[in-house]
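Number of protein chains: 2
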Amino acid sequence: MYKVYVYVTLKEGVLDPQGKAIQESMHSLAYDEVESVRVGKYFELTVKDTGEIDKRVNELCDRLLANPVIEEYRYTLEEVVPN
Amino acid sequence: MYKVYVYVTLKEGVLDPQGKAIQESMHSLAYDEVESVRVGKYFELTVKDTGEIDKRVNELCDRLLANPVIEEYRYTLEEVVPN
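As they're listed, the protein sequences go chains P and U.
Under full-length UniProt numbering, think of the first position of the first sequence as 1, with each following residue one higher.
Under full-length UniProt numbering, think of the first position of the second sequence as 1, with each following residue one higher.
These are computed hints drawn from the structure, not numbers from a lab.
Glycine included, C-beta positions come from ideal geometry on N, C-alpha and C.
Check before you lean on any hint, since a few could be wrong.
Said to hold, decoys possible - In silico BS3-like pairs for lysine-lysine, Cα to Cα no more than 27 Å straight-line:
1. P:Lys41 <-> U:Lys48
2. U:Lys3 <-> P:Lys20
3. U:Lys11 <-> P:Lys41
4. U:Lys55 <-> P:Lys20
5. P:Lys3 <-> P:Lys41
6. U:Lys41 <-> P:Lys55
7. P:Lys3 <-> U:Lys3
8. P:Lys41 <-> U:Lys20
9. U:Lys41 <-> P:Lys41
10. P:Lys11 <-> U:Lys41
11. U:Lys11 <-> P:Lys48
12. U:Lys48 <-> P:Lys11
13. U:Lys3 <-> P:Lys11
14. U:Lys3 <-> P:Lys41
15. P:Lys55 <-> P:Lys11
16. U:Lys11 <-> P:Lys3
17. U:Lys41 <-> P:Lys48
18. P:Lys3 <-> U:Lys20
19. P:Lys20 <-> U:Lys48
20. U:Lys20 <-> P:Lys55
21. U:Lys55 <-> P:Lys41
22. U:Lys41 <-> P:Lys20
23. U:Lys20 <-> P:Lys48
24. U:Lys41 <-> P:Lys3
Claimed, not checked - Residues on chain U that point at chain P, a partial pick, calculated with CB under 10 Å:
25. Tyr7
26. Gln23
27. Met26
28. Arg38
29. Gly40
Use the sequences and the hints to build the structure in full.
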């Protein structure tokens with residue numbers, strides 16, 4: 001069994017109006033030191049080990065979790081040892 | 001200057017219908033090895049160093065980025081060295 005942590009972010013150069021809105025909220029609350037905000041998505045999956053976990057996780061990211069036109073993703077794997 | 005990477009997740013025990021829907025989509029695409037999906041949020045901030053960055057980032061998370069009733073957050077800091 002694996003825990004898979006997936007991070008999806010907008011590609012560099014893609015505008016992020018949601019992040020811009022958050023940054024403006026921060027400035028209006030006097031957090032002027034915040035220079036930029038980029039928003040992404042984060043997923044924690046629990047996946048049974050089928051022996052080809054990297055291939056399967058990449059497929060899932062490409063097909064469901066990220067939009068490869070404007071987003072990129074990375075993930076980390078952690079093996080879960082049953083007690 | 002710091003890059004701050006913030007991860008916001010639902011507290012354990014809080015139902016995650018969005019994650020459940022994603023898991024069901026995965027099963028309908030024959031990714032039956034996925035046992036659970038939890039959805040979170042991910043933010044990348046660029047913040048000027050004001051000498052109290054941990055205090056300020058914790059405030060931002062509590063006030064804007066996470067809902068402390070149902071969510072928890074963690075973050076990592078990375079100092080950006082200007083070229």
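Against the structure, the hints come out as follows:
1. A distance of roughly 24 Å separates the Cα atoms of Lys41 (chain P) and Lys48 (chain U); the hinted pair therefore holds under the 27 Å criterion.
2. Pair hint Lys3 (chain U) plus Lys20 (chain P) holds up; C-alpha atoms about 16 Å apart against a cutoff of 27 Å.
3. Simply put, Lys11 (chain U) and Lys41 (chain P) have alpha-carbon atoms about 17 Å apart, close enough for the 27 Å limit, and the pair holds.
4. For the given pair, Lys55 (chain U) sits about 22 Å from Lys20 (chain P) by alpha-carbon distance, which is consistent with the 27 Å threshold.
5. Proximity of Lys3 (chain P) to Lys41 (chain P) is assessed by CA-CA distance (about 16 Å); at most 27 Å being required, the pair is judged to hold.
6. Between Lys41 (chain U) and Lys55 (chain P), the direct Cα distance comes to roughly 24 Å. Compliance with the 27 Å bound is thereby established for this hinted pair.
7. Note on Lys3 (chain P) and Lys3 (chain U): the hinted pairing holds, with a Cα-Cα distance of about 26 Å set against a maximum of 27 Å.
8. Distance hint between Lys41 (chain P) and Lys20 (chain U) is fulfilled; the C-alpha atoms sit about 16 Å from each other, no more than 27 Å.
9. A threshold of 27 Å between alpha carbons decides the hint, and for Lys41 (chain U) with Lys41 (chain P) the separation of about 5 Å falls inside it, so the pair holds.
10. Simply put, Lys11 (chain P) and Lys41 (chain U) have alpha-carbon atoms about 17 Å apart, close enough for the 27 Å limit, and the pair holds.
11. For the given pair, Lys11 (chain U) sits about 23 Å from Lys48 (chain P) by alpha-carbon distance, which is consistent with the 27 Å threshold.
12. For the hint pairing Lys48 (chain U) with Lys11 (chain P), the CA-to-CA distance comes to about 23 Å; that is within 27 Å, so the pair holds.
13. In summary, the hint linking Lys3 (chain U) to Lys11 (chain P) is supported, as the alpha carbons are separated by about 17 Å, within the 27 Å threshold.
14. Restraint check: the Cα-Cα separation between Lys3 (chain U) and Lys41 (chain P) comes to about 17 Å, which is no more than 27 Å; the hinted pair holds.
15. Between Lys55 (chain P) and Lys11 (chain P) the alpha-carbon distance is near 22 Å, which keeps this suggested pair within the 27 Å criterion.
16. Of the supplied pair hints, the one linking Lys11 (chain U) and Lys3 (chain P) holds, its CA atoms being roughly 17 Å apart against a limit of 27 Å.
17. The hinted pair formed by Lys41 (chain U) and Lys48 (chain P) meets the criterion: a straight-line CA distance of about 24 Å does not exceed 27 Å.
18. Note on Lys3 (chain P) and Lys20 (chain U): the hinted pairing holds, with a Cα-Cα distance of about 16 Å set against a maximum of 27 Å.
19. Using a Cα cut-off of 27 Å, the hinted pair Lys20 (chain P) and Lys48 (chain U) holds, with the two alpha carbons roughly 17 Å apart.
20. Simply put, Lys20 (chain U) and Lys55 (chain P) have alpha-carbon atoms about 22 Å apart, close enough for the 27 Å limit, and the pair holds.
21. As the CA atoms of Lys55 (chain U) and Lys41 (chain P) are separated by approximately 24 Å, the hinted pair is consistent with the 27 Å bound.
22. Between the alpha carbons of Lys41 (chain U) and Lys20 (chain P) the distance comes to roughly 16 Å, so the proposed pair stays at or under 27 Å and holds.
23. Between Lys20 (chain U) and Lys48 (chain P) the CA atoms are separated by roughly 17 Å; this keeps the pair inside 27 Å, and the hint holds.
24. Taking the CA atoms of Lys41 (chain U) and Lys3 (chain P), the gap is near 17 Å; set against the 27 Å cutoff, the hint holds.
25. For the restraint placing Tyr7 (chain U) at the interface with chain P, the shortest Cβ-Cβ distance is roughly 6 Å, inside the 10 Å limit, so the hint holds.
26. Interface hint at Gln23 (chain U): satisfied, since its Cβ lies 8 Å from the closest Cβ of chain P, which is below the 10 Å cut-off.
27. Checking Met26 (chain U) against chain P: minimum C-beta separation of about 6 Å stays under 10 Å; hint holds.
28. Interface restraint check: Arg38 (chain U) against chain P, minimum CB-CB distance 4 Å, threshold 10 Å, status holds.
29. Because the beta carbon of Gly40 (chain U) sits about 4 Å from the nearest beta carbon in chain P, less than 10 Å, this interface hint is met.
Consistency with the previously given hints is maintained throughout, with no hint failing.
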